[in-house]
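J.: One letter stands for each residue in the lines below.
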Amino acid sequence: MPTIRVLLVVVAALAVSLPYLWTFSASLRPSRDVFLATGWGLLPPLNPSLENYITAISRVPMLRWFVNSVVFSVGELVGQIGMGALAAFGFVRYEFPGRGFFFGLILATMMIPAVALIVPLFLVINALDWVDTYQGLIIPRLGLTVGFATFLLRQTFLTIPRELDDAQAVDGANALQRFWHLYIPLSRPALAAAGIIGFVHSWNEFTWPYIVTFSDSIRTLPVGAQKFVADGLREWGPSMAYAVMLTLPVVAIYIVFQRAFAQGFISSGIRG
Amino acid sequence: VSDAGAPAVRSLPLAGSRRRERPAWLSPGYLFIAPALLVVLLFFALPALSLFYLAFAKWRFTGAPEWVGLANFAELWGDEVFWKVLGNTVFYVLATVPPMIVLGLALALAVEAMPLVKTAMRTVFFMPVITSIAVASVVWSLLYNPSIGLINGMLSMIGVDGPSWMSDPAWALTSLAILAIWKGFGYSMTLFIAGLAGIDQTLHEAAMIDGAGSWTRFWRITWPLLSPTTFFVVIVGLLGSFQVFASVALMTKGGPSNASNVLVYFIYEEAFHFQRYGVGSAASLLLLIFSAVLTALYLRGAESRVHYQ
Chain A
31 MPTIRVLLVV
41 VAALAVSLPY
51 LWTFSASLRP
61 SRDVFLATGW
71 GLLPPLNPSL
81 ENYITAISRV
91 PMLRWFVNSV
101 VFSVGELVGQ
111 IGMGALAAFG
121 FVRYEFPGRG
131 FFFGLILATM
141 MIPAVALIVP
151 LFLVINALDW
161 VDTYQGLIIP
171 RLGLTVGFAT
181 FLLRQTFLTI
191 PRELDDAQAV
201 DGANALQRFW
211 HLYIPLSRPA
221 LAAAGIIGFV
231 HSWNEFTWPY
241 IVTFSDSIRT
251 LPVGAQKFVA
261 DGLREWGPSM
271 AYAVMLTLPV
281 VAIYIVFQRA
291 FAQGFISSGI
301 RG
Chain B
597 VSDAGAPAVR
607 SLPLAGSRRR
617 ERPAWLSPGY
627 LFIAPALLVV
637 LLFFALPALS
647 LFYLAFAKWR
657 FTGAPEWVGL
667 ANFAELWGDE
677 VFWKVLGNTV
687 FYVLATVPPM
697 IVLGLALALA
707 VEAMPLVKTA
717 MRTVFFMPVI
727 TSIAVASVVW
737 SLLYNPSIGL
747 INGMLSMIGV
757 DGPSWMSDPA
767 WALTSLAILA
777 IWKGFGYSMT
787 LFIAGLAGID
797 QTLHEAAMID
807 GAGSWTRFWR
817 ITWPLLSPTT
827 FFVVIVGLLG
837 SFQVFASVAL
847 MTKGGPSNAS
857 NVLVYFIYEE
867 AFHFQRYGVG
877 SAASLLLLIF
887 SAVLTALYLR
897 GAESRVHYQ
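Line order of the protein sequences matches chains A and B. Residue numbers for the first sequence, in my numbering: 31 to 302. Residue numbers for the second sequence, in my numbering: 597 to 905.
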């Protein structure tokens with residue numbers, strides 16, 4: 031039994047890590063190196079060079095795509111957290127007609143797969159004349175992602191004692207002040223988790239930017255990857271360099287924020 | 597988090613006078629939920645509702661949509677490609693979900709029993725989950741490359757002549773399924789580890805005293821008590837697999853000759869390549885209804901099973 035267990039873990043660990051190792055060493059290998067298909071391709075190259083990285087950056091508008099990816103991911107993060115926190119505060123702190131219905135509607139966004147809505151959503155964006163623009167890239171997707179942030183932050187806000195809120199109200203703090211000086215500071219871990227998850231999901235997101243953008247000046251890094259799949263056979267070196275550059279920011283975030291990460295990914299599960 | 601004691605005491609005498617005299621429909625709560633509600637209404641509710649109209653209409657991007665009744669569905673029914681796509685989608689789901697569950701559970705149990713490497717292995721196995729599908733597609737289309745790819749390179753080292761994977765009609769869909777398993781089993785493993793942590797260890801100890809072997813304990817204790825987790829993993833896995841799109845769009849474009857064409861990619865092509873928004877919407881509506889049924893099943897199951905003990 032223990033032998034099978036060790037064997038299973040070792041084989042799975044190899045299956046997961048070999049593609050990363052192979053990608054990384056291929057990205058540093060000068061393009062005439064022929065050891066790619068053999069086990070040698072896994073070893074670090076004898077004479078590593080950044081040639082492939084330079085080729086990748088010069089072949090495509092990499093810098094522009096990078097900036098677009100940052101704009102998109104930060105826009106999603108700010109939108110999800112900002113609107114989600116405000117809505118969570120509204121749902122927790124006030125009673126009003128339709129509260130249950132509106133909360134249910136916002137939660138429903140977590141239950142219906144976004145891809146089923148892509149055709150009509152595209153037509154809405156088209157009617158707004160937002161196709162291939164930053165606002166068309168960022169804002170519509172918030173309609174599909176704000177539900178998770180609202181849900182997560184509402185759960186957290188519910189744990190904040192009502193007495194704290196009442197006390198500040200007596201001291202003359204208005205609702206916005208209490209939201210900003212009481213609820214937000216006490217919810218930092220949940221805000222961080224929602225923010226990290228929102229950022230990474232957006233950074234990796236392929237489908238929405240692929241549908242709604244056409245020009246290089248708006249596209250994001252994952253959509254740009256298609257140029258490196260098509261040219262894969264002739265130029266595998268730059269493709270690998272591109273893969274490494276796209277992955278490094280996420281891996282860095284993952285390693286720094288590991289605990290918040292796995293938990294947040296799990297709870298956002300149903301949206302995939 | 598600060599201590600809540602002092603302010604709580606201070607607010608006590610005022611507890612009754614907190615409510616202000618203002619009609620409920622003027623509640624500031626509306627202002628707070630307004631931004632989120634607006635984007636949800638405009639970019640979720642409106643598209644979802646219009647899907648129910650578009651699926652029964654013909655429209656070619658200009659002019660007004662024209663009501664055509666069930667014509668779009670009839671077209672799907674008579675379309676050979678659509679049936680092939682449905683078959684492919686079911687094959688893909690069956691080829692990805694069960695392996696992700698078996699592998700996820702087996703590795704969760706294995707990793708749990710290896711305290712020294714547990715954290716490290718969890719980190720390693722979760723890496724593909726957080727790797728962009730775009731990156732995974734670039735890397736795997738090279739891994740699959742028949743002449744320079746690592747997979748056939750390694751197979752030839754043990755004397756096996758590998759297939760040409762993505763460009764072989766018999767293997768294209770399987771190639772995508774293998775990538776999905778590679779990318780997704782760490783997710784189900786993480787869920788199973790969380791589920792295992794919720795099982796009372798004294799049950800195992802008691803069973804061991806009664807002489808139950810590890811196999812008996814797994815089937816009599818672990819497996820039944822894990823059923824809420826398994827159920828969740830199955831539903832999330834099904835929903836995810838039915839929606840596969842990015843790897844198809846990047847790696848095979850549904851080919852060769854529709855061998856790897858799946859439902860969402862079919863919808864994408866109908867709407868955005870052929871401008872047949874009606875047919876695309878009809879297929880979307882089927883996907884929407886199917887996913888809603890799965891989600892409803894999950895919610896009902898969650899209600900009755902979460903309180904298992």
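Just so you know, the hints here were simulated from the structure itself, not pulled from any lab data. Every residue, glycine too, gets a C-beta built ideally from N, C-alpha and C. Some hints could be false.
Heads up, simulated DSS-like pairs for lysine-lysine below, C-alpha to C-alpha not over 30 Å straight-line [what the hints assert, rightly or not]:
no., chain 1, residue 1, chain 2, residue 2
1, B, 714, B, 849
2, B, 654, B, 680
3, B, 654, A, 257
4, A, 257, B, 849
5, B, 849, B, 654
If you want a taste of the chain A side facing chain B, the calculated C-beta under 8 Å gives, among others [to be verified]:
no., residue
6, 49
7, 113
8, 176
9, 180
10, 202
11, 203
12, 207
13, 210
14, 244
15, 269
J.: All the hints need checking, so say for each whether the structure fits it.
T.: Hints versus structure:
1. B:714 <-> B:849: 39 Å, violated
2. B:654 <-> B:680: 24 Å, holds
3. B:654 <-> A:257: 34 Å, violated
4. A:257 <-> B:849: 13 Å, holds
5. B:849 <-> B:654: 26 Å, holds
6. 49: Interface hint status for residue 49 of chain A: holds (6 Å vs cutoff 8 Å).
7. 113: Because about 4 Å separates residue 113 of chain A from the closest Cβ in chain B, which is inside the 8 Å limit, the hint holds.
8. 176: 5 Å, holds
9. 180: 6 Å, holds
10. 202: Violated. Min distance 13 Å.
11. 203: 12 Å, violated
12. 207: Where the cut-off is 8 Å and the nearest Cβ of chain B is about 13 Å from residue 207 of chain A, the hint is violated.
13. 210: Because about 12 Å separates residue 210 of chain A from the closest Cβ in chain B, which is outside the 8 Å limit, the hint is violated.
14. 244: 11 Å, violated
15. 269: 5 Å, holds
In this structure, the earlier hints numbered 1, 3, 10, 11, 12, 13, 14 are contradicted, and the remaining ones agree with it.
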